[in-house]
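Protein sequences appear in the order of chains R and P.
Residue 9 is where the first sequence starts when you use my numbering, and the numbers rise one by one after that.
Residue 10 is where the second sequence starts when you use my numbering, and the numbers rise one by one after that.
I should point out that these hints are in silico values taken from the structure, not numbers from a laboratory.
Among the hints, erroneous ones may be present.
[Said to hold, decoys possible] Okay, derived cross-link-like pairs now, BS3-like style, lysine-lysine, Cα gap no bigger than 27 Å in a straight line:
#: 1; chain 1: P; residue 1: 213; chain 2: R; residue 2: 57
#: 2; chain 1: P; residue 1: 327; chain 2: R; residue 2: 31
#: 3; chain 1: R; residue 1: 350; chain 2: P; residue 2: 213
#: 4; chain 1: R; residue 1: 201; chain 2: R; residue 2: 145
#: 5; chain 1: R; residue 1: 201; chain 2: R; residue 2: 57
#: 6; chain 1: P; residue 1: 12; chain 2: P; residue 2: 213
#: 7; chain 1: R; residue 1: 127; chain 2: R; residue 2: 145
#: 8; chain 1: R; residue 1: 236; chain 2: R; residue 2: 350
#: 9; chain 1: R; residue 1: 236; chain 2: R; residue 2: 199
#: 10; chain 1: R; residue 1: 350; chain 2: R; residue 2: 57
#: 11; chain 1: R; residue 1: 31; chain 2: R; residue 2: 57
#: 12; chain 1: P; residue 1: 327; chain 2: R; residue 2: 57
#: 13; chain 1: R; residue 1: 199; chain 2: R; residue 2: 145
#: 14; chain 1: R; residue 1: 236; chain 2: R; residue 2: 425
#: 15; chain 1: R; residue 1: 350; chain 2: P; residue 2: 322
#: 16; chain 1: R; residue 1: 236; chain 2: R; residue 2: 31
#: 17; chain 1: R; residue 1: 236; chain 2: R; residue 2: 201
#: 18; chain 1: R; residue 1: 425; chain 2: P; residue 2: 213
[As the list claims (entries may be wrong)] The following label-pair restraints were derived from C-beta to C-beta distances:
#: 19; chain 1: P; residue 1: 120; chain 2: R; residue 2: 327; range: 52 to 62 Å
#: 20; chain 1: R; residue 1: 348; chain 2: P; residue 2: 316; range: 15 to 25 Å
#: 21; chain 1: R; residue 1: 452; chain 2: P; residue 2: 316; range: 44 to 54 Å
#: 22; chain 1: P; residue 1: 305; chain 2: R; residue 2: 409; range: 37 to 47 Å
#: 23; chain 1: R; residue 1: 379; chain 2: P; residue 2: 119; range: 30 to 40 Å
#: 24; chain 1: P; residue 1: 124; chain 2: R; residue 2: 135; range: 25 to 35 Å
#: 25; chain 1: P; residue 1: 311; chain 2: R; residue 2: 379; range: 14 to 24 Å
#: 26; chain 1: R; residue 1: 400; chain 2: P; residue 2: 211; range: 27 to 37 Å
#: 27; chain 1: R; residue 1: 326; chain 2: P; residue 2: 132; range: 44 to 54 Å
#: 28; chain 1: R; residue 1: 375; chain 2: P; residue 2: 136; range: 38 to 48 Å
#: 29; chain 1: R; residue 1: 66; chain 2: P; residue 2: 309; range: 35 to 45 Å
#: 30; chain 1: R; residue 1: 135; chain 2: P; residue 2: 214; range: 48 to 58 Å
#: 31; chain 1: R; residue 1: 379; chain 2: P; residue 2: 266; range: 28 to 38 Å
[Stated by the list, open to error] Covered stretches of chain P, going by a simulated chain R footprint (3 or more residues, C-beta under 8 Å):
#: 32; stretch: 182-191
#: 33; stretch: 205-213
Backbone N, C-alpha and C define an ideal beta-carbon position, used for all residues, glycine too.
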Amino acid sequence: MADPFLQLTDITKTYPGVTALSKVSLSVAPGEVIGLVGENGAGKSTLMKILGGVVEPSSGQILVDGAARAALTVPDAILAGIAFVHQELNLFDNLDAAANVFIGREPLYGGPLRLIDRKALYAQARPYFELLDVDFKPETMVSELSIGQRQLLEIIKALSLDARLIIMDEPTSSLTLSETDRLLGIIADLKAKGVSVIFISHRLNELTECADRVIVLRDGHVVGHLDKAHVTHGEMIRLMIGRDLKSLYLPPASPPGANVLEIAEARTETYPDHPISLQVRRGEILGLAGLIGAGRTELARTIFGIDRLLGGTILLDGAQVEIRTPREAIALGVFLVPEDRKRSGLLLEMSIAENISLPDLLAYASNGLVQDGRVTANAEAQRQRLHIRAPNVGTETGSLSGGNQQKVVLAKWLSMKPRLLICDEPTRGIDVGAKTDIYRMLRDLADAGVAILMISSDMEEVIGVSDRIAVMHEGRISGFLERANFNEHNVLQLACGHRNFQEMATA
Amino acid sequence: MIKKDIGLLILILVVGTVVALINPLFLSPINLGNTANLVGLFGLFAIGQAFVIITGGIELSVGSIIALLGVLFVDLMVTYELAWPAALLLMLVLGMLFGLIHGLLITRMNLQPFIVTLCGLLIYRGVARFYTADATAGFGFGVSFPTLEWLTTGRLYGVPHAFIAMLVVAAIMWVVLHRSVFGRYLYAVGKNEEAARYSGIPTKQVIVASYVICGLLTAIAAIFFAMYTRSISPSSHGNFYELYAIAAAVLGGFSLRGGEGSVVGVVLGAILLQVLQNLVNLLGIPSSLNFAVMGSVILIGVLADTQFAAYRKRRAVKRSVG
Numbered sequence: 009m010a011d012p013f014l015q016l017t018d019i020t021k022t023y024p025g026v027t028a029l030s031k032v033s034l035s036v037a038p039g040e041v042i043g044l045v046g047e048n049g050a051g052k053s054t055l056m057k058i059l060g061g062v063v064e065p066s067s068g069q070i071l072v073d074g075a076a077r078a079a080l081t082v083p084d085a086i087l088a089g090i091a092f093v094h095q096e097l098n099l100f101d102n103l104d105a106a107a108n109v110f111i112g113r114e115p116l117y118g119g120p121l122r123l124i125d126r127k128a129l130y131a132q133a134r135p136y137f138e139l140l141d142v143d144f145k146p147e148t149m150v151s152e153l154s155i156g157q158r159q160l161l162e163i164i165k166a167l168s169l170d171a172r173l174i175i176m177d178e179p180t181s182s183l184t185l186s187e188t189d190r191l192l193g194i195i196a197d198l199k200a201k202g203v204s205v206i207f208i209s210h211r212l213n214e215l216t217e218c219a220d221r222v223i224v225l226r227d228g229h230v231v232g233h234l235d236k237a238h239v240t241h242g243e244m245i246r247l248m249i250g251r252d253l254k255s256l257y258l259p260p261a262s263p264p265g266a267n268v269l270e271i272a273e274a275r276t277e278t279y280p281d282h283p284i285s286l287q288v289r290r291g292e293i294l295g296l297a298g299l300i301g302a303g304r305t306e307l308a309r310t311i312f313g314i315d316r317l318l319g320g321t322i323l324l325d326g327a328q329v330e331i332r333t334p335r336e337a338i339a340l341g342v343f344l345v346p347e348d349r350k351r352s353g354l355l356l357e358m359s360i361a362e363n364i365s366l367p368d369l370l371a372y373a374s375n376g377l378v379q380d381g382r383v384t385a386n387a388e389a390q391r392q393r394l395h396i397r398a399p400n401v402g403t404e405t406g407s408l409s410g411g412n413q414q415k416v417v418l419a420k421w422l423s424m425k426p427r428l429l430i431c432d433e434p435t436r437g438i439d440v441g442a443k444t445d446i447y448r449m450l451r452d453l454a455d456a457g458v459a460i461l462m463i464s465s466d467m468e469e470v471i472g473v474s475d476r477i478a479v480m481h482e483g484r485i486s487g488f489l490e491r492a493n494f495n496e497h498n499v500l501q502l503a504c505g506h507r508n509f510q511e512m513a514t515a
Numbered sequence: 010m011i012k013k014d015i016g017l018l019i020l021i022l023v024v025g026t027v028v029a030l031i032n033p034l035f036l037s038p039i040n041l042g043n044t045a046n047l048v049g050l051f052g053l054f055a056i057g058q059a060f061v062i063i064t065g066g067i068e069l070s071v072g073s074i075i076a077l078l079g080v081l082f083v084d085l086m087v088t089y090e091l092a093w094p095a096a097l098l099l100m101l102v103l104g105m106l107f108g109l110i111h112g113l114l115i116t117r118m119n120l121q122p123f124i125v126t127l128c129g130l131l132i133y134r135g136v137a138r139f140y141t142a143d144a145t146a147g148f149g150f151g152v153s154f155p156t157l158e159w160l161t162t163g164r165l166y167g168v169p170h171a172f173i174a175m176l177v178v179a180a181i182m183w184v185v186l187h188r189s190v191f192g193r194y195l196y197a198v199g200k201n202e203e204a205a206r207y208s209g210i211p212t213k214q215v216i217v218a219s220y221v222i223c224g225l226l227t228a229i230a231a232i233f234f235a236m237y238t239r240s241i242s243p244s245s246h247g248n249f250y251e252l253y254a255i256a257a258a259v260l261g262g263f264s265l266r267g268g269e270g271s272v273v274g275v276v277l278g279a280i281l282l283q284v285l286q287n288l289v290n291l292l293g294i295p296s297s298l299n300f301a302v303m304g305s306v307i308l309i310g311v312l313a314d315t316q317f318a319a320y321r322k323r324r325a326v327k328r329s330v331g
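Using the sequences and the hints given, assemble the complete structure.
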């Protein structure tokens, strides 16, 4: 392997009272794919900010092409060819793909008028699109691109800036399985072209697949440096949390009971021609797997009364119900933990207690007036039960970590009487510790007689947590899997719509 | 009372003290009574506006509604000799109906509040002018409604009834906004309508209700104004009043993005606006500068508030790090 062009030595970053990074060393050679893992708060983002020139290390040395310096500035980082593909994408929806790639450095004509030379813009953009062989054009509006395509666009942007190192922060967290494969393929292409990649992910199997080596951070220290041969699931998890993680699966206390939810020939607004039928039983966690865009979230939205049900029937405990609004769903004990917790799950500017009490506020009121004592008491009980880490229940939810925010969303519903709990990507972007808490909680709920429908694009989660898996493909249920048939291969086959596999799986 | 309200109260006291020092007339019972009367009149519909703003909406037709309901109210009593309680009730219903229509257009037809209520502003003003053929509607010589007049323009120990009415409304609305389930829903809808809907809040009904409340309070204010001015020229009566209401809310700490503000704040905002008007009169500032003074004070107030908030944030960051 070529010599490293970027070398960090003994980087320490202290904030008053906190050591975010302690003597971290890292070198990047051309064409290397480095995995970076660690729980939230392990120091990953501080390290990335130092590489991006946003944060100045307290001590240590940074070598770029042999030149030593104490810190990078943002222009230094760009000049050194360090580019980022952020978790939250920074693209302009209202512009086309090429305009986004060259934003701020458009080819101009017309002298002082500074008009954009559109022809030159597309001509300059095209080679990059061809290089990555993407399935959209420079002229495509960003608003029409899927999240996966947008991510590829960010990579194109990085390449157009002559990036030598592209840092990807959880790039696959919102990608479908096929988009993830594609991204991993492109990482391999980049590698072949001599571009290095630092790949931050909570999805460990992606790292085993694509990383040349993996660096594990814990509490600001490098606790492990695994080379290709030693990059394994168990090893990474052991290093991250400092102990071996037992299997995710928590077996149910008793076999599932009668059907709580029964959907027969339901048609959603997104796939009006594809009727869906499925059942979720009492005490069961039904995993709903599939590619993003398979219609899983839309099915959840339809059950919860956000989207209209175009046909078919929904039965709850055997009785047909008509749910037209979330309010009606909630009254029936059908609760949804939505995909985007910041947008739909929580009021970030409101306190933990206000969020938890919101769906059932009348229960905390006398004569229409909210009784704050009751609101606080219940929220406090939920905080302790779910281990929500916050100084008190008056804390604004916006200031909590992702895992604790998700626990607040769950606490809303646990304060009421759930019959059917639909969780849409319940642990997206959440650290390992909080994930385990949430899985435990889902199992406890199921054991208490709740039916749980868990939508998940995280293979590890869907296989590790579910009692049974339903797989969707383009608006249809392509098959059900019983626990004995759980494996990545089977789920993927169904998710990609291999219909002939269905008989085998359900047989 | 939150910090913002205390800051505003201090500002009012400072401005008041300065005016009183320059011109002692400011504290004369007549001047205070008149100012209180105006605070009452403007405060009534400013509170209504505040309920709309808290949902992230805006109600621009307030001034036109005051004009239209004013001429209708006077005309019903004078020309059609309708008993005043009936006319009054009819006006309140009409005000709520306007609010209901606005709310339904916004929530069911997905129109923007600005557009719906801007159209309302134009329509109601036009109808008022057409209805009276641009003539001034007023009570003829010798026409009198003693009870109604006492109720609307009377005074209790020198305190104008309009001001008392505003205080009563403010007290009720304080409980509604800050203590009731509905109030919590209003804040939730204003802060994040989608999350509110996902939590089972009937967001559309909540929004419609805010416009109905605004319509009702505007109708009450319209009657007080009609009885106060006694003659209504439909082309100028209530002009710009919606902007006074919005200004009072903004001064009182409301965000036009919704989800922020308090009843105490909007009442204090209404008081400050009237004190400023009074200041222009008492300090001999040309009355043509009236709007310029008001605009400047609002601008400075909002600027100071955001700067202060930014400063507090920086300090909080420093403290959390330190």
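Against the structure, the hints:
1. Among the hinted pairs, residue 213/P with residue 57/R is inconsistent with the structure: their alpha-carbon atoms are about 43 Å apart, more than 27 Å.
2. Straight-line distance between C-alpha atoms of residue 327/P and residue 31/R comes to about 25 Å, which keeps the hinted pair within the 27 Å bound.
3. A distance of roughly 21 Å separates the Cα atoms of residue 350/R and residue 213/P; the hinted pair therefore holds under the 27 Å criterion.
4. For the proposed pair residue 201/R and residue 145/R, the alpha carbon gap of about 22 Å is at most 27 Å, so the pair holds.
5. A distance of roughly 25 Å separates the Cα atoms of residue 201/R and residue 57/R; the hinted pair therefore holds under the 27 Å criterion.
6. Among the hinted pairs, residue 12/P with residue 213/P is inconsistent with the structure: their alpha-carbon atoms are about 32 Å apart, more than 27 Å.
7. Distance restraint check for residue 127/R and residue 145/R: the Cα-Cα separation of roughly 14 Å lies within the 27 Å cut-off, and the hinted pair is therefore satisfied.
8. Taking the CA atoms of residue 236/R and residue 350/R, the gap is near 37 Å; set against the 27 Å cutoff, the hint is violated.
9. For a cut-off of 27 Å, the pair hint linking residue 236/R to residue 199/R stands: about 15 Å separates their Cα positions.
10. Annotation: proposed proximity of residue 350/R to residue 57/R holds, straight-line Cα distance about 23 Å (limit 27 Å).
11. Proximity of residue 31/R to residue 57/R is assessed by CA-CA distance (about 16 Å); at most 27 Å being required, the pair is judged to hold.
12. Annotation: proposed proximity of residue 327/P to residue 57/R holds, straight-line Cα distance about 20 Å (limit 27 Å).
13. With a CA separation close to 24 Å, the supplied pair residue 199/R and residue 145/R stays within the 27 Å bound.
14. For the hint pairing residue 236/R with residue 425/R, the CA-to-CA distance comes to about 48 Å; that exceeds 27 Å, so the pair is violated.
15. Taking the CA atoms of residue 350/R and residue 322/P, the gap is about 22 Å. The hint holds against a cut of 27 Å.
16. Taking the CA atoms of residue 236/R and residue 31/R, the gap is near 23 Å; set against the 27 Å cutoff, the hint holds.
17. Simply put, residue 236/R and residue 201/R have alpha-carbon atoms about 20 Å apart, close enough for the 27 Å limit, and the pair holds.
18. Between residue 425/R and residue 213/P the alpha-carbon distance is near 25 Å, which keeps this suggested pair within the 27 Å criterion.
19. Our hint of 52 to 62 Å for residue 120/P and residue 327/R is violated, since their Cβ atoms are close to 38 Å apart.
20. A C-beta distance of roughly 33 Å is found between residue 348/R and residue 316/P, which places it outside the suggested range of 15 to 25 Å.
21. Range check, residue 452/R to residue 316/P: Cβ separation about 49 Å, and the 44 to 54 Å hint holds.
22. For residue 305/P and residue 409/R, the Cβ-Cβ distance of about 44 Å falls inside the hinted range of 37 to 47 Å, so the restraint holds.
23. Hint check: residue 379/R to residue 119/P, Cβ distance near 36 Å, so the stated range 30 to 40 Å holds.
24. In this structure the hint that residue 124/P and residue 135/R lie 25 to 35 Å apart at CB is violated, the actual value being about 46 Å.
25. One distance hint, 14 to 24 Å for the beta-carbon pair residue 311/P and residue 379/R, is violated here, with the actual separation near 35 Å.
26. For residue 400/R and residue 211/P, the hinted distance range of 27 to 37 Å is satisfied, since their beta carbons lie about 30 Å from each other.
27. In this structure, residue 326/R and residue 132/P meet the distance hint of 44 to 54 Å, their C-beta atoms being roughly 53 Å apart.
28. Look at residue 375/R against residue 136/P: about 40 Å separates their beta carbons, and that is inside 38 to 48 Å.
29. Evaluation of the 35 to 45 Å hint for residue 66/R and residue 309/P yields a pass: the beta carbon distance comes to about 42 Å.
30. For residue 135/R paired with residue 214/P, a C-beta distance near 55 Å keeps the hint of 48 to 58 Å intact.
31. For the pair residue 379/R and residue 266/P, the beta carbons lie near 29 Å from each other, so the given range of 28 to 38 Å is met.
32. Counting residues of the stretch 182-191 of chain P whose beta carbon lies closer than 8 Å to any beta carbon of chain R gives 5, which reaches the threshold of three, so the coverage claim holds.
33. Counting residues of the stretch 205-213 of chain P whose C-beta lies closer than 8 Å to any C-beta of chain R gives 7; at least three are required, and the coverage claim holds.
Of the hints listed earlier, those the structure fails to meet are numbers 1, 6, 8, 14, 19, 20, 24, 25, in rising order.
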